[in-house]
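2 protein chains.
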Amino acid sequence: MTDKPRKATASAQSMMRIFTVPEAPESTLSKIEHALSEDLAGFLTQSIVALEKPLSEIEEDFQAYNIPTEPTFVSDYTEEMMQNLVAHSVHTAAPSFIGHMTSAMPYFVLPLSKVMVGLNQNLVKIETSKAFTPLERQVLGMMHHLVYGENTAFYRQWMHSATHALGAFCSGGTIANITALWIARNQLLQADGEFPGVTSAGLMAALRHYGWQDLAILVSERGHYSLGKAADLLGIGRQNIVSVPTDADNKVDVAQMRTAAERLTAQGVRIMAIVGVAGTTETGNIDPLHQLADLAAEYQCHFHVDAAWGGASLMSSKYRYLLDGIERADSVTIDAHKQLYVPMGAGMVLFRDPKLARAIVHHAEYILRRGSKDLGSQTLEGSRPGMAMLVHACLNIIGRHGYEILINNSLEKARFFAGLITAHPDFELISAPELCLLTYRYVPRQVQVALSEAVSKAEWDKVALLNSLLNDLTQLVQKNQREQGKSFVSRTRLQPARYQRQTVTVFRVVLANPLTTEQILRDVLAEQQQLAEQQQEILQQLQLAGG
Amino acid sequence: MTDKPRKATASAQSMMRIFTVPEAPESTLSKIEHALSEDLAGFLTQSIVALEKPLSEIEEDFQAYNIPTEPTFVSDYTEEMMQNLVAHSVHTAAPSFIGHMTSAMPYFVLPLSKVMVGLNQNLVKIETSKAFTPLERQVLGMMHHLVYGENTAFYRQWMHSATHALGAFCSGGTIANITALWIARNQLLQADGEFPGVTSAGLMAALRHYGWQDLAILVSERGHYSLGKAADLLGIGRQNIVSVPTDADNKVDVAQMRTAAERLTAQGVRIMAIVGVAGTTETGNIDPLHQLADLAAEYQCHFHVDAAWGGASLMSSKYRYLLDGIERADSVTIDAHKQLYVPMGAGMVLFRDPKLARAIVHHAEYILRRGSKDLGSQTLEGSRPGMAMLVHACLNIIGRHGYEILINNSLEKARFFAGLITAHPDFELISAPELCLLTYRYVPRQVQVALSEAVSKAEWDKVALLNSLLNDLTQLVQKNQREQGKSFVSRTRLQPARYQRQTVTVFRVVLANPLTTEQILRDVLAEQQQLAEQQQEILQQLQLAGG
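In the order they appear, the protein sequences are chains G and U.
When you line the first sequence up against my numbering, it's residues 1 to 547, in that order.
When you line the second sequence up against my numbering, it's residues 1001 to 1547, in that order.
Hints are computed from structural coordinates only; laboratory data are not their basis.
Some hints could be false.
Unchecked claim - Reference listing, derived: stretches of chain U covered by chain G, where coverage requires no fewer than 3 residues with Cβ under 8 Å from a Cβ of chain G:
# : region
1 : 1036-1044
2 : 1127-1141
3 : 1352-1361
Positions of the beta carbon are idealized from the N, C-alpha and C atoms, including for glycine.
This is chain G alone, in the form it adopts within the complex:
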């Protein structure tokens, strides 16, 4: 905060005023809100500075550690935050910012968010959420139907049942994945005769009772990092997340997964869950879900599908076949704040069997009484906001056909962009888009020739040298492009089969924003080429190494 004089002083009257008197229409904050409502894209473009300021400089504005003694005028505070915070935030809605999973949002979520915040419901219990409870259950029901497609009788029976749940609403996909694996663990180590179950007795006693050395979770090496977090949290241990290699298409190698399952079982380790990835974060590929479902059935373990990002593609009747087998999962994670176009903070986990959530049911005296319909008795989180309202709004206002158009466009835009990259002599497509995510890198045409010759001759040291130089180049180009502020692609590191699993740094783009045009994609490539050509030193080294 700056050190400008603060004129406000706290008094009983001034404190009552902030709870009762709305902002004057001519105030700074009102004007900003108005500008934002009129034209969000314009507001963001004008308010966020294009040229990046180094983080260390931004931090200088956030050094005060004392809560200020006296109040700050709302207008002063707002002006300061426009300068120090909003100006240096990230324009996640920009159509040329194609490096992350955040997109432009439908305009109506803004005013509806305000209604949601104004109502300030607490979904943990009926007493503080009332109609929001059946609304949230309906959202879970609709998403359950999208995945599992059960019949009317099923939803009539379970959707609003006090002792069942078709899913759990969460702040995001990480909590959703943790919830799924928590349920899987508790279901496997349930009460048995005298043994009261892992919930009550803990993991040590449970493993002793069942006579297992350890538990294991099998997942592709492309599994989301939240699974490791879940294994840590649940006491299973990160080394018991068995990371199974993928094939050339970044899909898990089921034969290797079966081998791992056999080996672990022989060692007295119980396979607790198999996790299928439906849309990997880094390449957007989908595991062979039917084969994983078969394997899970064979090992009688929980089958979870992490479709946090890819799940939205189920809306497309044209492309939903890509996720075939997802309906055999015991649980499925889908984030609404990704390609369902809801603001940040809306994840879900869906349960095929409405009784599944009983594995984690809990009660308390003052809330969550037995028999109540309080949502909090079956969720990891306690108090939480009515975000389900925004999902409900999007599902209704956009509709299946609306989403179909949005999803199909995004997938087809990714195919278009992959085409551009493939046709361009100086770019190399690293992973082709299965959904709307793809990876690539800049490789000058002569280096491409040198690389493929070296590969065909199995000169892996040469390949490694070239890749190492290309990695530096990709990293620099990505950083410089971000700092120029016109467009943003992210980067990650992959181990493509074609380079014998050498580590390769790549550009990663997610084409979820409906406002991203083909021209923008052409411009992104042109800008990258230009930035790459500025790196004379690396380019010369590449030429030398490739010669």
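Given chain G, work out where chain U should sit, using these hints.
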């Protein structure tokens, strides 16, 4: 949803429109937003129906399980939701709704929430949050300073350090408590020689390595239910949350806790953490924190303080002595969406030692790279919104003095209400307010006389009969008062020492809403008396039983 015809059809054009064209100023949604911004209290009072509709009837409006095929017009959707959802939500901001921890909010959080949603930052990483990252770290720094009061050099060194954290921002107190205990477990069972630590090897291997039978967490019987959830999730087991009795003031009996610690240690169980409660959810009391800190030091275990609700009282220089000893805690949970007057979805856990969060650090290739300042590497949640902005706004705009006034008023209002209850011949104060929470019940004066006679003569069967009838009465009055829609108190069940731990149903009120007046409190009591007097049957039974 109703079955009225939907005229909208999805097209590429209509889908682009919802991402680009703002709501027209004369539209239904714009009008609603305007009304809400102009006068939130008036909007809520007019939009939420006073008379409660049974949940089963509300559920009828949320039966559809198909995502609608075609789009719905925003105006149609909005009108429907005003009728089906908003009308049957809970007026959590009403000054006469004193049964929960949700209050009226300062007006400026509404427009600022809209700015937050419009910016749609994702705090998991710098790339999608930029200046929001130092802002969140500053909020954690300010709250850390409120609790621990370290010096300038401390905050200069640690507040923005990439490899340290003064706390973690979460969606709520449950995640905060889980995070604290997760850290405590991982810290205790850390890597040791060849042993890679519980994070990696899991709980079974960790307990074997350290040679402990089990872990235990000691906490008062008034501990929040989220602690049981944490014990379940972390694999410790609910039965290893050792629930220690409280004294007559609902504060944990430290002598009994020490006895439990001795007994467990003798059994080979390692005390993992002692949890102090600073503001129990049911009675608002604060454990003797210094004594608990001493005990934790003695047993070399983690000392966590759950001040989710009570922590805000640290803002009061007049009353913060009530929480003395909190500065000795290794970790402290404080919810901003309780008495810091921030909307739902803002919790925090603070760490005395900035290195503590290393026990749960995790990385991933595409984000959370080593050395980055990405907040996500030290949080339980992954993607999450910029709620810290609203806490930052409240801390700055209200200031320490502003909060002091608000907190002092709420505590003094609770003392006033306790006085009203004590002075009233037909009410019994069950737990006096230490902070702004108290419990009581309606007991006709003759029954009070009969009860205290029976107690003094140790006629416990008679006491039990009277309490059982009074419990029915309290439950009915609470339910009827809620249904009348004018005011709301919650209820819970306690085991007061004066009745030899017999279970007693009580009214529970939290006086956090600055708009609750003394007159409203008088009216609440008057309404309860009137409702109780309508229960002729129970009153007659009470008379008979007391005779």
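Going down the list of hints, with the structure as the test:
{"no.": "1", "hint": "1036-1044", "verdict": "holds (count 8)"}
{"no.": "2", "hint": "1127-1141", "verdict": "holds (count 12)"}
{"no.": "3", "hint": "1352-1361", "verdict": "violated (count 1)"}
Of the numbered hints stated above, the single one contradicted by the structure is hint 3.
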